Amino acid sequence: MTFGDKMRRFFRSEQGVGMMLVSPTALYALLLLAVPLVAIFVISFWTQTGVRDFDTTFTLANYKEALTDPLYRQLMLRSLMVSGLVTLITVVLAFPIAYFVSFGVKPEHKSLWIFLITIPFWTSYLIRVFLWKVILGYNGVLNSGLLAVGAIDEPLSFILYNVNAVIITLAHAYAPFAILPIFVALEKIDRSLLEASRDLGESRTMTFLRVTLPLAAPGVVAAVLIVFIPTIGDYVTPRLVGGPGGLMIANMIQTQFLRLNNAPLGATLAVLAMLIVAVIAIVFMLLGNKAAGGNTGGRRK
Amino acid sequence: MTIKKKPSGPALITLQKVEKHYGDYHALRDINLEIGQGEFFSLLGPSGCGKTTLLRTIAGFEDYDSGYVMISSKDMRGVPANKRPTNMVFQSYAIFPHLTVLQNVAFGLRKSAMSKAEKTKAAEDALEMVGLKGYGHRAAHALSGGQRQRVALARALVLKPKVLLLDEPLSALDRKMREQMQVELIKLQREVGITFILVTHDQEEALVMSDRIAVMFEGEIVQCDDPEVLYRKPKSKRVADFIGVMNFLPATVREEGGKYIASVAGLGETEITGEQCPAGVPLGEATVGFRPETLTLLYEGQTATHREAPATIEEVVYYGDMTYYDVKFEGVDKPVRISMRNIFGRDVLDVGAPARVSWSPGALVVFGAGE
Ligand SMILES: Nc1ncnc2c1ncn2[C@@H]1O[C@H](COP(=O)(O)OP(=O)(O)OP(=O)(O)O)[C@@H](O)[C@H]1O
Ligand SMILES: [Mg+2]
Chain A
1 MTFGDKMRRF FRSEQGVGMM LVSPTALYAL LLLAVPLVAI FVISFWTQTG VRDFDTTFTL
61 ANYKEALTDP LYRQLMLRSL MVSGLVTLIT VVLAFPIAYF VSFGVKPEHK SLWIFLITIP
121 FWTSYLIRVF LWKVILGYNG VLNSGLLAVG AIDEPLSFIL YNVNAVIITL AHAYAPFAIL
181 PIFVALEKID RSLLEASRDL GESRTMTFLR VTLPLAAPGV VAAVLIVFIP TIGDYVTPRL
241 VGGPGGLMIA NMIQTQFLRL NNAPLGATLA VLAMLIVAVI AIVFMLLGNK AAGGNTGGRR
301 K
Chain B
1 MTIKKKPSGP ALITLQKVEK HYGDYHALRD INLEIGQGEF FSLLGPSGCG KTTLLRTIAG
61 FEDYDSGYVM ISSKDMRGVP ANKRPTNMVF QSYAIFPHLT VLQNVAFGLR KSAMSKAEKT
121 KAAEDALEMV GLKGYGHRAA HALSGGQRQR VALARALVLK PKVLLLDEPL SALDRKMREQ
181 MQVELIKLQR EVGITFILVT HDQEEALVMS DRIAVMFEGE IVQCDDPEVL YRKPKSKRVA
241 DFIGVMNFLP ATVREEGGKY IASVAGLGET EITGEQCPAG VPLGEATVGF RPETLTLLYE
301 GQTATHREAP ATIEEVVYYG DMTYYDVKFE GVDKPVRISM RNIFGRDVLD VGAPARVSWS
361 PGALVVFGAG E
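Top line first, the protein sequences correspond to chains A and B. With UniProt numbering applied, the first sequence covers 1 to 301. With UniProt numbering applied, the second sequence covers 1 to 371.
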């Protein structure tokens, strides 16, 4: 068999077809994701000596600095706190909406509802952040509204340019991302299981706790990860509505790279942030798996 | 087919004039039923006739427009499913995929006064009863169809309900498994003495398993009898056609000196009794029906025990233990089916051969022409 024959055979086989189908994406991911990641990882062990010059001898000094300097620790903790709260708020608010669309809406109207939920995506994220600025600002919609009805005497200042504003803005932005996976998980629940639970003597509430919730767990875990992972690294929102007290770790990484010209320290902070996120994500996935009785995978019909 | 007679207890479930609509669709029409304590009762009918709807009405999953559903003389209107003394084995089994087999079976025991160990014991006993001893720790999704069905049964039986409702529990199984489970279900029902209400569209299954069968068409119960009566004395051509095979021949019926005489196409004149007319004697135009096994083909030298009619063999279908012959009587266009057991020494007859058919007037069932 010639090499050409072998190649032809490979490209016809299922494996070959699969490889060809994923190869553009795989290449893309490799070039734009894996390569920069490896670069960041490598740089984190270097030392910056000039604007474009690095001392490439291996050093752990950056890690030492990142882990001991209270400023970085505070930023990291704030990031965790903000994304944790955003995740909590988003998922807790998203669950009832997803539940309502899945259980309370007629089947023929469900896609309309999902369509409506995605409407916020029709405008760019930046515009939505600016909108929140308009709403939460000192002379914003919220303050003037409350002033007009006499609920407050002077504009509230704790709602913009601080952590609260970051949390509100992010929670709003990520709501659809949380609703969709929970909705899908709820949709997948065989309705006869709920009837079986009622039939076996359980009330509506107990049926929800014993059947619906555990079976929706994979969707909740997906929602948690989908919200938590990107929000912890968000830097646009804190920059625009966070003020000095609302800055997060990503803002510091950006500052290290672009302003302070200390790419190795920026890279170190990035690596540490990724590690923390990875650990938390894995813990959550394991928890979710446990809740779903190890049945997140293929369910036999 | 086994036919077993059991004295059924006092009425446990009573349905009176139950009516239900889905929008414009009339799903249940004037349902009146009395189902006894310890009875094995079946709801039989073609797809879409409302069997599941009726079962779900009894279980408490479906509202009804009017009428009464009573269990143990208590009106069930407004009583939710979790407060009814019924348990259901769902058509899809509805096994909880996030729980183990044992947890599934013990699901309904949460509120019972038993200790944890007693609950586990009860669940294990129920599993043993359905032949799944030692399967308790398995994940529910790692079970075969037949095993799931047993888990569903055990899960319902462990609660010792007054009534067990089964919605086509065997339809997903292959033939052999189904027949085996039929026997096991009958045994189980006798053992536990619980009233079973089985929904099926398989007439053979209903005949084999039930003490009584209600035949439903389009939301209406058209006949409710024990299997033998249902098979021998169907009240309408439609029921006759749905339960097994029945041949039909056009006829006219007249009264002569207090006796009824039927003139049947291809068979000639014969006297019939009122007994043979389950829906009343249809004077004038009528249809006569008979089962394939009530006729026999006569071989050389044999004589008919009662009556004989000439015919031609149109088609021969060989089944191993049985042979089905489609034969045409003289003056009748439509062939009728005759089944013959292939006992030793009996040859299979040829297509196109003339034949003599032996028949008994007593085996005829007479319907009105229009029914
Ligand atoms: N929720 C519903 N809304 C509207 N129509 C319904 C609904 N459920 C059932 N029906 C209709 O009521 C009729 C009876 O349905 P049912 O499920 O009781 O049939 P079935 O006898 O159990 O049939 P099968 O043997 O196919 O299960 C059908 O024509 C069906 O289309
Ligand atoms: Mg049905």
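Read the hints as simulated data drawn from the structure, not as lab findings. These figures come from a predicted structure and were not determined experimentally. Where hints are given, some of them may not hold.
Below are the DSS-like pairs computed for lysine-lysine, each with C-alpha atoms no more than 25 Å apart in a straight line [claimed, not checked]: (1) A:Lys290 with B:Lys119; (2) A:Lys290 with B:Lys74; (3) B:Lys133 with B:Lys160; (4) B:Lys111 with B:Lys74; (5) B:Lys233 with B:Lys334; (6) B:Lys237 with B:Lys259.
Label-pair restraints from in silico Cβ distances [unchecked claim]: (7) A:Val134 with B:Asp24: 20 to 30 Å; (8) B:Arg232 with A:Lys110: 49 to 59 Å; (9) B:Arg77 with A:Phe208: 44 to 54 Å; (10) A:Lys110 with B:Tyr25: 54 to 64 Å; (11) A:Lys110 with B:Gln16: 54 to 64 Å.
Built from N, CA and C at the ideal position, the CB exists for glycine as well.
- Item | Satisfaction of the hinted span 54 to 64 Å by the C-beta atoms belonging to A:Lys110 and B:Tyr25 | Hint violated: Cβ distance 23 Å, outside 54 to 64 Å.
- Message: With the threshold set at 25 Å, check whether the alpha-carbon distance from B:Lys111 to B:Lys74 stays at or below it.
- Response: holds, 23 Å
- Task: For A:Lys110 and B:Gln16, compare the CB-CB distance with the range 54 to 64 Å and indicate the outcome.
- Result: violated, 39 Å
- Item | Range agreement (Cβ of A:Phe208 with Cβ of B:Arg77, hint 44 to 54 Å) | For B:Arg77 and A:Phe208 the Cβ distance comes to about 25 Å; the hint is violated.
- Query: Keeping to a limit of 25 Å between CA atoms, is the pair of B:Lys133 and B:Lys160 held or broken?
  - Reply: holds, 19 Å
- Under the criterion that the straight-line Cα-Cα distance not exceed 25 Å, is the pair B:Lys233, B:Lys334 satisfied? holds, 23 Å
- Query: Given the proposed pairing of A:Lys290 with B:Lys74, does the C-alpha separation stay at or below 25 Å?
  - Reply: Outside the cut-off at roughly 43 Å; violated.
- Task: Note whether the CB distance of A:Val134 and B:Asp24 lies within 20 to 30 Å or breaks it.
- Result: violated, 52 Å
- Query: Do the alpha carbons of B:Lys237 and B:Lys259 lie within 25 Å of each other, as the hint requires?
  - Reply: holds, 23 Å
- Within a Cα-Cα threshold of 25 Å, do A:Lys290 and B:Lys119 meet the stated pairing? Distance ~23 Å between A:Lys290 and B:Lys119 Cα, so the pair holds.
- Message: Taking 49 to 59 Å as the stated bounds, is the beta-carbon spacing between B:Arg232 and A:Lys110 within them?
- Response: holds, 52 Å
The structure is inconsistent with the numbered hints 2, 7, 9, 10 and 11, although it conforms to all the rest.
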